[in-house]
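If you want the building blocks of each chain, they are given just below.
Number of protein chains: 2
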Amino acid sequence: MANRMGYQTILYQNRPWIVSSASAVGPREGKGPLADRFDLVAQSADFGQDSYEQAEAALLRESCRICLGKANLGEKSVDAMLGGDLLNQIMPSSLAARALKIPFLGMYGACSTMSEGLLVGGMLVDGGYASRVLCTAGSHYATAERQFRFPLEYGNQRTPASQWTVTGAGVVLLAAPGADSKPMACLTRACIGRIVDMGVTDANNMGAAMAPAAAATLCGYFDDTGDTPQQFDRIITGDLGSVGSGLLLEWCGRMGHPLPEERMMDCGLTIFDSAQDSHAGGSGCGCSAVVLSALILPKLQSGEWRRVLFMATGALLSPTTSMQGETIPGVAHAVVMEGVQ
Amino acid sequence: MANRMGYQTILYQNRPWIVSSASAVGPREGKGPLADRFDLVAQSADFGQDSYEQAEAALLRESCRICLGKANLGEKSVDAMLGGDLLNQIMPSSLAARALKIPFLGMYGACSTMSEGLLVGGMLVDGGYASRVLCTAGSHYATAERQFRFPLEYGNQRTPASQWTVTGAGVVLLAAPGADSKPMACLTRACIGRIVDMGVTDANNMGAAMAPAAAATLCGYFDDTGDTPQQFDRIITGDLGSVGSGLLLEWCGRMGHPLPEERMMDCGLTIFDSAQDSHAGGSGCGCSAVVLSALILPKLQSGEWRRVLFMATGALLSPTTSMQGETIPGVAHAVVMEGVQ
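Chains as they are written, first to last, in my numbering: chain A, 1 to 341; chain B, 1 to 341.
Pulled out of the complex, with its shape left as it was, chain A reads as follows:
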């Protein structure tokens, strides 16, 4: 095959452009270390909506509109929207797509959704099936807590390994090269993840559940391509947090691909500072999506970074199957992004 390397790695020979991005976050994220970099910071967690679910949908919708606005494009210029979130039946994404009226393909990869959308959206653009594709992912602390753990009113105590679901939506606009103004970066490769489950059952320790899948995708990518970790300015994971990030180093070392700690970055460890008491770090589909838009893409655009591997990681956890005693499968998809100078 022309566009494939090894077992699970895809080549984007036409190098689809990332022409615009946007991020919209909640008040807590707006007080963190990336505060000044977000396009929109909601003044309240309900974002003026009747429910947190509607707030999550509104953050997604508005970040899409901001992203298109930056590129000076209307909704009608976009051929497809690919996105998802953590809520049952990905309702916030569906409600956002309903408002935007863009042909919509729903994705579900838990917190790996942003890289899943980029991976598939990259093929749509690279293969000439679409000229512009919006890739989206979002999450909301209050809706995720209600659905996966406890309603906030219950006031449960958080365990040390637990992570804090980011309230926010991140959006990236992909386009065929040359179609628009100078891009922020381009996509060159991607690696589709396999589901890996090492038997973790603690729903408050997502990092441990996701790390083996992240290691499998990363080592799979290195095996397929012959790349080394040193060829990346950063290897960026979605939301492994402090527990999972440590485990990733351990797993990759054991699997023959030791990772250079100074080149590693985790979005979950980037979005909050330690004073914000988020325990093992941030999480949620929105975590890696907003950090991608607010921090990673600008650094590729400025030339500070030339090449990064962006790998959002997902814990495929359902309260129903967890209560039935099922373990937590993990998945991670990787996308290689390069600067366009």
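Keep in mind the hints are simulated off the structure, nothing from the lab. Be a bit skeptical, because a hint or two may be false.
What the hints assert, rightly or not - Some chain A residues flagged as far from chain B (calculated, every beta-carbon gap over 12 Å): (1) R4; (2) D39; (3) V41; (4) P92; (5) G122; (6) S181; (7) D197; (8) T201; (9) G253; (10) R254; (11) G303; (12) E304.
As the list claims (entries may be wrong) - To give an idea of the chain B side of the interface with chain A (calculated C-beta under 7 Å), a few residues: (13) N88; (14) M91; (15) A275.
Stated by the list, open to error - Listed next, with one range per pair, are the computed distances between beta-carbon atoms: (16) B/R306 - A/G178: 34 to 42 Å; (17) B/K70 - A/G325: 43 to 51 Å; (18) A/L152 - B/R306: 53 to 61 Å; (19) A/Q231 - B/G178: 33 to 41 Å; (20) B/R306 - A/M5: 32 to 40 Å; (21) A/M323 - B/R149: 14 to 22 Å; (22) B/Q49 - A/M255: 27 to 35 Å; (23) A/P177 - B/G253: 38 to 46 Å; (24) A/M323 - B/E261: 30 to 38 Å.
Every residue, glycine too, gets a C-beta built ideally from N, C-alpha and C.
Given chain A, work out where chain B should sit, using these hints.
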């Protein structure tokens, strides 16, 4: 763009092959009019598993194995698995993908999942990003009732417009042309659906919620391509049921694309017979997936049909947003399949 027609239609210039398919269903489906056509009929709704959720996952997993077995291929020969189901966090699909160890992209389009997976999988193969892709969709009556309506033990009375969620999993193996033995059919075009919501709030009337989206996709396809309904042996909808199928005719007529009734077929009206008391018909991701595998593809393979449009339809319904007063958005994705004689 080379591979695009009009606003939302995709061209598969390399005509990806459908080389194999399989279906596994529950006991009720195994007593319906397609009984003899399914590859596996479970003798009990729990399929020997500890929970209905695990039974749903096992039906998916086994139908994948049967599909690969028919093509004389192992799991390692498949580059990607694309699939989804109705359950929260698409757990049955994730558990099936965990067992098969195939790189996995989770889809969510409610009951439109089978055509969503084929649409995206078709691009993977057509664009040379994968040589073989498994597209899967499944559902289970007991898990869907528990999640979306009431546990079965409650014994609620069903309304006349309600549909019966199919217990079953359908799987299709796509491959690059020439890669394997003679195909059952090939993919030639697809149409990505927009989300359409005409304000239906009755969670027991999915057909009415989905029909406007189905009409939008179908008319969009006709507008993009210049095709007429008469150019298809069958225009096949997923699970509009009796209520939604009538509404589709009405909508398309009003939108300037009158549909010939004798060429229309709905999988939800095909899988059960009237004596089975399923009210408005079958539904669920698995409904169109098992009818595709058991009935539609064999008819394309035999030459009885030469060209069909397969459009699974989804009601993007969440109990949470429904309880909050939200209406039910619908979506439909279409795939054109042709015989290879």
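Each hint tested on the structure:
1. Non-interface call for A/R4 relative to chain B: violated, since the shortest CB-CB distance, roughly 6 Å, does not exceed 12 Å.
2. Look at A/D39: its CB is around 24 Å from the nearest CB on chain B, clear of 12 Å, so calling it non-interface holds up.
3. Non-interface call for A/V41 relative to chain B: holds, since the shortest CB-CB distance, roughly 25 Å, exceeds 12 Å.
4. The beta carbon of A/P92 sits about 9 Å from the closest Cβ of chain B, which is not more than 12 Å, so the claim that it is off the interface is violated.
5. Remark: the non-interface label on A/G122 conflicts with the geometry, its nearest Cβ contact in chain B lying 9 Å away (cut-off 12 Å).
6. Consistency note on A/S181: stated as away from chain B, and its beta-carbon is indeed over 12 Å from all of that chain's, at 19 Å minimum.
7. At roughly 5 Å from the closest C-beta of chain B, the C-beta of A/D197 falls inside 12 Å, breaking its exclusion from the interface.
8. For A/T201, the condition that its CB be more than 12 Å from all CB atoms of chain B holds, with the nearest at approximately 14 Å.
9. Interface exclusion of A/G253 from chain B stands, the closest Cβ pair being 23 Å apart, more than 12 Å.
10. With a closest Cβ-Cβ approach of about 19 Å to chain B, A/R254 is found to remain outside the 12 Å limit, as its non-interface label requires.
11. No Cβ of chain B approaches the Cβ of A/G303 within 12 Å, the least distance being about 29 Å, so the stated non-interface status holds.
12. Residue placement check: A/E304 keeps its beta carbon more than 12 Å from all beta carbons of chain B (closest about 31 Å).
13. Of the supplied interface hints, the one on B/N88 holds, with its beta-carbon coming within about 4 Å of a beta-carbon of chain A, less than 7 Å.
14. The criterion of a C-beta within 7 Å of any C-beta in chain A is met by B/M91, whose closest approach is roughly 4 Å, and the hint holds.
15. For B/A275, the interface hint is violated, the least distance from its beta-carbon to any beta-carbon of chain A being 32 Å, above 7 Å.
16. Against the hinted window of 34 to 42 Å, the Cβ-Cβ separation of B/R306 and A/G178 comes to about 39 Å, which satisfies the hint.
17. In this structure the hint that B/K70 and A/G325 lie 43 to 51 Å apart at CB is violated, the actual value being about 34 Å.
18. For the pair A/L152 and B/R306, the beta carbons lie near 58 Å from each other, so the given range of 53 to 61 Å is met.
19. Hint check: A/Q231 to B/G178, Cβ distance near 35 Å, so the stated range 33 to 41 Å holds.
20. Distance hint for B/R306 and A/M5: a CB-CB separation of about 38 Å, consistent with the stated range 32 to 40 Å.
21. For the pair A/M323 and B/R149, the supplied restraint of 14 to 22 Å holds, since their beta-carbon distance comes to about 19 Å.
22. Range check, B/Q49 to A/M255: about 33 Å between beta-carbon atoms, so the 27 to 35 Å window is met.
23. Distance hint for A/P177 and B/G253: a CB-CB separation of about 43 Å, consistent with the stated range 38 to 46 Å.
24. Look at A/M323 against B/E261: about 47 Å separates their beta carbons, and that is not inside 30 to 38 Å.
Of the hints listed earlier, those the structure fails to meet are numbers 1, 4, 5, 7, 15, 17 and 24, in rising order.
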